[in-house]
Amino acid sequence: MIKFVNVSKTYPNGTVALTDINLEIKEGEFVAILGLSGAGKSTMLRTINQIIDVSSGNIYFNNVDINTYEMYGDDVEKEIKRQKELNPEFDETKLDLQEIDITKIKGKNLRKMRSNIGMVFQNFNIIKRMSVIQNVLSGRISYNPTWRTVLGIFPKIDKEIAYEALNKVDILEKTYHRASDLSGGQMQRVAIARSLAQNAKILLADEPVASLDPITTFEVMKFLKKINVGDGITTIANLHHVDLALEYATRIVGVRDGKIVYDIQIKDKPEKQIIRDLEQVYGRPLSHDDFVGDD
Amino acid sequence: MNQDLEKKLPIRPSRTKFYSNIGLIIAILISSAWFSGFNVFEIFANIRFAFRLLNSLFFPPAWDYADNVIGPLLETVQMAIVGSFVGAILAFPAAVLAANNFIKVKGLNTGMRLILNFFRTIPALVLASLFVAIFGIGSFAGIVALSIFSFGLISKMTYESIEAIDYGQVEAIISLGGNKMNVLRYAIIPQVLPQYMSYTLYAFEVNVRAAAVLGYVGAGGVGQTYQIWLDLRRFDRVGIIIMISFVAVLIIDFISSSIRRRLV
Ligand SMILES: Nc1ncnc2c1ncn2[C@@H]1O[C@H](COP(=O)(O)OP(=O)(O)OP(=O)(O)O)[C@@H](O)[C@H]1O
Ligand SMILES: [Mg+2]
Chain A
1 MIKFVNVSKT YPNGTVALTD INLEIKEGEF VAILGLSGAG KSTMLRTINQ IIDVSSGNIY
61 FNNVDINTYE MYGDDVEKEI KRQKELNPEF DETKLDLQEI DITKIKGKNL RKMRSNIGMV
121 FQNFNIIKRM SVIQNVLSGR ISYNPTWRTV LGIFPKIDKE IAYEALNKVD ILEKTYHRAS
181 DLSGGQMQRV AIARSLAQNA KILLADEPVA SLDPITTFEV MKFLKKINVG DGITTIANLH
241 HVDLALEYAT RIVGVRDGKI VYDIQIKDKP EKQIIRDLEQ VYGRPLSHDD FVGDD
Chain B
1 MNQDLEKKLP IRPSRTKFYS NIGLIIAILI SSAWFSGFNV FEIFANIRFA FRLLNSLFFP
61 PAWDYADNVI GPLLETVQMA IVGSFVGAIL AFPAAVLAAN NFIKVKGLNT GMRLILNFFR
121 TIPALVLASL FVAIFGIGSF AGIVALSIFS FGLISKMTYE SIEAIDYGQV EAIISLGGNK
181 MNVLRYAIIP QVLPQYMSYT LYAFEVNVRA AAVLGYVGAG GVGQTYQIWL DLRRFDRVGI
241 IIMISFVAVL IIDFISSSIR RRLV
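Just so you know, the protein sequences line up as chains A and B, in that order.
Okay, so the first sequence: first residue is 1 according to the working numbering, each after it adds one.
Okay, so the second sequence: first residue is 1 according to the working numbering, each after it adds one.
Hints are supplied without guarantee of correctness; some may be wrong.
As the list claims (entries may be wrong) - Listed below are several chain A residues computed to face chain B (Cβ distance under 10 Å; list not exhaustive):
hint	residue
1	I126
2	A191
3	I264
4	F291
Stated by the list, open to error - Beta-carbon label-pair distances, calculated as ranges:
hint	chain 1	residue 1	chain 2	residue 2	range
5	B	D166	A	D231	44 to 50 Å
6	A	W147	B	R209	49 to 55 Å
7	B	I115	A	W147	27 to 33 Å
8	B	R209	A	Y11	44 to 50 Å
9	A	E24	B	L108	37 to 43 Å
10	A	D257	B	V264	51 to 57 Å
11	B	S20	A	T10	49 to 55 Å
What the hints contain is simulated information worked out from the structure, not anything from laboratory work.
Here the structure is a predicted model, which is why all the values come from computation and not from measurement.
Cβ atoms here follow ideal geometry from the backbone N, Cα and C, with glycine treated the same way.
With these hints in hand, go ahead and build the complete structure from the sequences.
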């Protein structure tokens, strides 16, 4: 679904954040990116939707319809079936699926590519002075003309999509609340609902639970897992806690000094072994702080 | 104090520099007072005159003229309202262009800032005399002057607020596939709107005070009435104008600043 080829990133101030990243992520994976602070995890995540541009290398997405820039992912048949359910007049013969290098496109096409890729952040980044429903509707901006989004008048179908998204993360009862009145965990659920409303095929999560307490942490992780499994949304999450990665992810990628130094499918190895391996990634023994709960 | 401690104690820095600085400041004050012709004795010599003036201004107040002050005073407030409103509307797009975190074109940001700073440095009274010369005597010249003055004030403060926003929300809207207008509407405006409104109210407060004086150069409002009676040496009427304007400004300031407190 996503393929990094020799991606490097040097910031304008000379900091080398990524060196020669090669990585392929399949549809439906839940990838946890682990590594010390400053290793380059956030940079790597942000190059995927080009919030940060790369200095060299390419990031490919397969099976992108060149007319709409919609991603059909690895399982094209499944996506076509889903499109037909959404729109009975959907015509698959018009599809022109190609591999797209997101580092090479600009403007409107780049924005269309981005609308396939949701993002949630450590500090939620929802619009605090707007209501919950307005926040989730903002997930629909790329599907509407600018005048509508500026006036904030969304069609009925978008509202239904938004309610459904809120329901999926169990927060429908907060629909008309002001976003600033929510707790941290609820804010993050609104952010996830926004990505669902966006109809994201890929979800990037940059330390999604780092500012939450342990109980809320597990709650939010469960919702991420639920949409990963239930909706097949490919998820890539930077995590600080090893146990969260082991419990919720399917694959761990270890980053150190801007390079990928570790990459395993969790089911292929016993947990104890992985924890031992991770000491190499971190370059130090693991401690209590690397786990959310001790159980 | 014990001997050891005294030995360890560093040498006390000389105070000469401190005293010489104070001496210098006093010398500057005295000489500038001298050169500007400010003389304490003159104040005392004229104090009798000052009391006579106060007496003719306020004792007894010319209540019978009070009704006639309301009209020009309302005109002053109207000038201030229209001026801050027009200024605010023009200020927002200017502030957006000047902020270096929205349109990241250095030349445009700097150019815009130069223009804003230029407008900000011209006092409202100077603008007013200029526009009286262009548009003739009357409140229109005053309104144009206040609009430009408010524009400078509001745009400067607003662009600084825009640059101080939480950029994470901008990233969120970009990651949704949003364009510049979406970023403006969903990430920037919600964050700066309360401040922007507060700056507009602040400009209004400043404008009311400025507008009261603008009439003096013929730009309409209560200042113009004030100037007429001053020329005719009708100090009682000048006095009631001052009194009523003073109270009006106080009330407006009070209301406006309590709204501002609630905004941010
Ligand atoms: N905008 C920037 N300009 C310059 N250097 C940056 C910028 N953002 C990050 N860096 C540097 O790039 C390197 C990688 O940063 P990055 O934020 O990707 O690390 P991270 O793994 O996400 O760390 P953390 O766990 O603390 O979030 C660090 O050395 C960081 O200081
Ligand atoms: Mg980070």
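Cross-check of the supplied hints:
| no. | hint | in the structure |
| --- | --- | --- |
| 1 | I126 | holds, 7 Å |
| 2 | A191 | holds, 8 Å |
| 3 | I264 | violated, 28 Å |
| 4 | F291 | violated, 27 Å |
| 5 | D166(B) <-> D231(A): 44 to 50 Å | violated, 29 Å |
| 6 | W147(A) <-> R209(B): 49 to 55 Å | violated, 41 Å |
| 7 | I115(B) <-> W147(A): 27 to 33 Å | holds, 29 Å |
| 8 | R209(B) <-> Y11(A): 44 to 50 Å | holds, 49 Å |
| 9 | E24(A) <-> L108(B): 37 to 43 Å | holds, 41 Å |
| 10 | D257(A) <-> V264(B): 51 to 57 Å | violated, 43 Å |
| 11 | S20(B) <-> T10(A): 49 to 55 Å | holds, 53 Å |
This entry does not satisfy hints 3, 4, 5, 6 and 10, going by the numbered hints stated previously.
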